[in-house]
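Protein chains: 4
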Amino acid sequence: MIILLKNNTKNDELQSLIEWLKNMGLDVHISEGAEQTLLGLIGDTSRIDTDLIQALDIVESVKRIQEPYKNANRKFHPDDSIFEVGKDNLIGGGHFQIIAGPCSVENEEQICTIAKDVKKSGATILRGGAFKPRTSPYSFQGLRQEGIRLLLLAKKETGLPIITELMDLSQLSLFDEVDVIQVGARNMQNFEMLKELGHCDKPILIKRGMSSTFQELLMSAEYVMSGGNERVILCERGIRTFETYTRNTLDISAVPVLKELSHLPVVVDPSHATGMSRMVPPMALAATAAGADGLMVEVHNDPAHALCDGPQSITPETFDKLAHQVKSLRNAMNAALEC
Amino acid sequence: MIILLKNNTKNDELQSLIEWLKNMGLDVHISEGAEQTLLGLIGDTSRIDTDLIQALDIVESVKRIQEPYKNANRKFHPDDSIFEVGKDNLIGGGHFQIIAGPCSVENEEQICTIAKDVKKSGATILRGGAFKPRTSPYSFQGLRQEGIRLLLLAKKETGLPIITELMDLSQLSLFDEVDVIQVGARNMQNFEMLKELGHCDKPILIKRGMSSTFQELLMSAEYVMSGGNERVILCERGIRTFETYTRNTLDISAVPVLKELSHLPVVVDPSHATGMSRMVPPMALAATAAGADGLMVEVHNDPAHALCDGPQSITPETFDKLAHQVKSLRNAMNAALEC
Amino acid sequence: MIILLKNNTKNDELQSLIEWLKNMGLDVHISEGAEQTLLGLIGDTSRIDTDLIQALDIVESVKRIQEPYKNANRKFHPDDSIFEVGKDNLIGGGHFQIIAGPCSVENEEQICTIAKDVKKSGATILRGGAFKPRTSPYSFQGLRQEGIRLLLLAKKETGLPIITELMDLSQLSLFDEVDVIQVGARNMQNFEMLKELGHCDKPILIKRGMSSTFQELLMSAEYVMSGGNERVILCERGIRTFETYTRNTLDISAVPVLKELSHLPVVVDPSHATGMSRMVPPMALAATAAGADGLMVEVHNDPAHALCDGPQSITPETFDKLAHQVKSLRNAMNAALEC
Amino acid sequence: MIILLKNNTKNDELQSLIEWLKNMGLDVHISEGAEQTLLGLIGDTSRIDTDLIQALDIVESVKRIQEPYKNANRKFHPDDSIFEVGKDNLIGGGHFQIIAGPCSVENEEQICTIAKDVKKSGATILRGGAFKPRTSPYSFQGLRQEGIRLLLLAKKETGLPIITELMDLSQLSLFDEVDVIQVGARNMQNFEMLKELGHCDKPILIKRGMSSTFQELLMSAEYVMSGGNERVILCERGIRTFETYTRNTLDISAVPVLKELSHLPVVVDPSHATGMSRMVPPMALAATAAGADGLMVEVHNDPAHALCDGPQSITPETFDKLAHQVKSLRNAMNAALEC
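Protein chains in written order, with this note's numbering: chain Y, 105 to 443; chain X, 105 to 443; chain F, 105 to 443; chain S, 105 to 443.
What the hints contain is simulated information worked out from the structure, not anything from laboratory work. There could be a bad hint or two in this list.
Pairs involving identical chains hold if they fit within one copy or between any two copies, as the list cannot separate such chains.
[To be verified] Below, a list of computed lysine-lysine pairs in the DSS-like style, where the Cα atoms sit at most 27 angstroms apart:
1. LYS126 with LYS167
2. LYS179 with LYS110
3. LYS167 with LYS114
4. LYS174 with LYS110
5. LYS114 with LYS179
6. LYS167 with LYS110
7. LYS425 with LYS110
8. LYS179 with LYS167
9. LYS110 with LYS126
Remember, predicted model here, so these are calculated numbers, not experimental data.
Same shape as in the complex, but just chain Y (with noise of 0.2 angstroms):
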């Protein structure tokens, strides 16, 4: 962390913040220029507030160097987090996974098709939205509860582990038996839900927001990190920006990003992204060469009727089809790494 003071900074008050940051033990280095005096700190920042700093009258600006997250950082944790998602199911470090199912749970038979359709095809988590956040009151807001029953149901048919949304904490206690909780988008700051579930003994996917950066996305992680569960799954499902073509814009260079400051697997969400379906099957296949750990994929098996979502959603067939293009271009990519 660099801290650049003001020109007129008095002796006594530069010595008391120095007094200050050396007892938060940080090694503090001064370089006076003929206008500008420089500290350079050096040691662990992480905890360090640098609004606090900044607030200071001989502060002019301060700069942090190191991130500010620390068990999230790969720069302590050098190699790939590995760890379970369902029973014997493994993610990151090589381990890939394919999450399917429908935007909404809308009905026993159609999520229990579904669930087994894509197993068929490869997909190893079944997805699917009990409880559902909809821009508009008058929107279909899911099954709520009855939603979390039909999928355990599916789970129970196909064994397929399931992940699902948590909208509020007052539901959590529906959650026992599912085997992945996803914080969505527009939850990825609500920082009450985000230490409770530091709590939790199962692995947290958190989508990035829609205006978040990597940094904020990862400072959401640090949240569920600090209070114990390291099983953190990060996602990238597209950012707000002035195109409004694509519902989204998906950003796809999260993958090398994320995977380059942290050690946590790093999926793609291509469907609430692009929010039309001929353009999930470019988009998974480009996230899967960029080097994702894992796709997240909508797929209903009549998006024509699908109660929320449907542009968004695939068939089966088209996701049977991009389910062995993905194995075929990572056998493809592989194989390029070994020569």
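Here the structure of chain Y is known, so what remains is to put chains X, F and S in place on it, guided by the hints.
For chains X, F and S alone, kept in the frame of chain Y given last:
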């Protein structure tokens, strides 16, 4: 609402769509062209889920022409909403409120001193954070329950109504004596919270999310209003753009736009938007000149040692000067309108 | 195109608008409702200025349903455009080009060495900047005329066709022997330049502006094509978003979107988008997997001492490896498609 | 400027970097820590290319602490720049200009009538487009040379100085009698044009690009100023964000920010930013209250039939009212400051 059909639509599918739309209470007007067929829907389309229609095989695209919100819509409530925020304290329709106070409540002396100071300068509502949403788990998270107790003390001493932020529904019971509940930018789409606040007998101030459109903000207001609570205040606090010199970009056009689309009062928070105390006065004046119904300003008697967001807080002296300038400006504008 | 009329439209004004639209060669379908009247325009609306109609007193809003571009529109040219970029070198319709070379031409040895290196690895077009757009007047501005001379030398030595950027029309006479003219992101809406290039007998590669929509990029292509030059290549190179970790956000969805809307070839430049050489290989592979018609990659034999944009250039060794991975990936994709 | 070195830097490489930096006239302060070494550079770093340093093998990151512009920088010119824009017409340092006129010059009667109207209401400079940048090749492109002739006629009749946009350097000879040359948002980074205008003996008004940062705008001003022309006016006209209700988002914080960073005058164009005439008065008042040195407003005597951008033009009647409100507001602000 306009539905553009695909070129090769079969007549029976078209008829069945038209039938369905008529059953939803809409008039359907058909424009058949050599190349394309359009359906024009006339009537109340606010409860129609465009995603559902978009998903139909025969539909190429759907465009909404009417707004998807009704309770918040000025078309159906041409007059400005005017309501009490604290006893005998009106907002809307020419009634202007100045909300002031510290980012966080820190201790009794701090909150009571600031409350007295800002009241003397002309503030009409006291703000202060008890539960604080912070990006880092290592930053100060607010005094929480104790913070609310101190705010109520300051209310008792000064008579100022108070506003503070609710971060999770589990905290709601602590807000009984709070006059206005604030929904923060990060919770603007916490739909479970918005639904619950629809059953609450207090004004709700909703901050625009960092990447939320005007329409999404109005949809969030609609969530509260559709539950029965019509006292919603909209708050512009800056949006996230590519520009990083200011923390966010304060979108002052929110004032005339939201007042055109809706009858609800609109206030502006220049402190969070810019993140720099020296930008607060010019932006507060700009918001006033644009026709805002109020301002929300952070004031701290010791910004350099504030426990959070110090850099964006102004001193009581600066606030006093600003409050007078705002008053002069409003007088000049009212006089100019009368000419 | 849909025109929504204001509520209180007088009949004679309506008739005169309809008359005018019919004179523009359009079919006009009227949908009269209790509350609002709509006009549906069917026919070629690409030459209609929506601003003009929007400005009429009786009009509430205008929405385009058809695209405002015609020459670049896949609807009117269903097959992929395929054309030569340099002798016997095709792009589009399955023909893939790898454009490689340094950001700036620095001297004869540099450009000739790199040209030979990238050719050996599989590059099919040589890139190199002679005129450089630099944010600061104090940064290196390119070798200019001398840079073009050196590029032509490298072309002679290797047989590779060359592409380089035109920054101002006054430089055009120097581009006689250049094979492909590049319009940079900052000049994407330099309409005087685009018009002139419409009369040019060379392929034009247009980079998407940092904040340009897909439609605006296609309108810029339309400027060139409406002048008679149909050989336009579209290039995605990253857009400006709130995320600052990468220099820009590479919008890989540009590939499937632009190929859906247009018949023109689409290439991707991962170097400028990310600004970090270590992000170039994963993003190049992602663009290939998404179906791009080519890549544009910065390669420098000494990135650490490049005169501009060194941090985003990869070495010839990294390029060689990348070119092989791209080839493997394309083979796997082609094989998977045949299954 | 701060340089953070990689962990394993060899001493001889470090010494050679330090030597090089000293040769550039900088003081170099070294902070060696257990984990990392920092170099603090003190002196004039505006001519240092950070890309070059970033590219060095031993460098992990570079952060600028001082601004990369010098002529435009308030630090080196603490007093507001004040200069003539037309004879006896000052801008800056409390001198306020109202620039008004049509988007496009259409014919003699139109431009002369509007010129007289806006002059009577208090406008001090006449604007009017002769060369028009239009997204579509099929839209009206301006009267071009003839437009300039008509503007000069209107100048002769009213005595108002004129401002109009230069779209390409080849048009420059037509601008001899134009008082202020406008560089449009799309040309803000047309560096060849900016360099040439540095040798021009006229004030240059530079519009902020739709996705340009404050610093980039100041760098474009620096291009002109480094050529010797110090009379640059900065113009905020809205930036591109995710919000599409307004055409662009008018960033009024540009006024206090640019005036803090630079001594150059700052004007605001509310017409292009919002794209809606009814938003022009509130946003013009907001810009004035924020401390702008002038306004640039589109006025058309027949907005409904304007050949371009009609929807954003206000009528002479509305302009007359607005000009009076602006005057009242400025009087009230000046009075409040004196108290």
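Quiz item: Of the hints stated earlier, which fail here?
Solution: none
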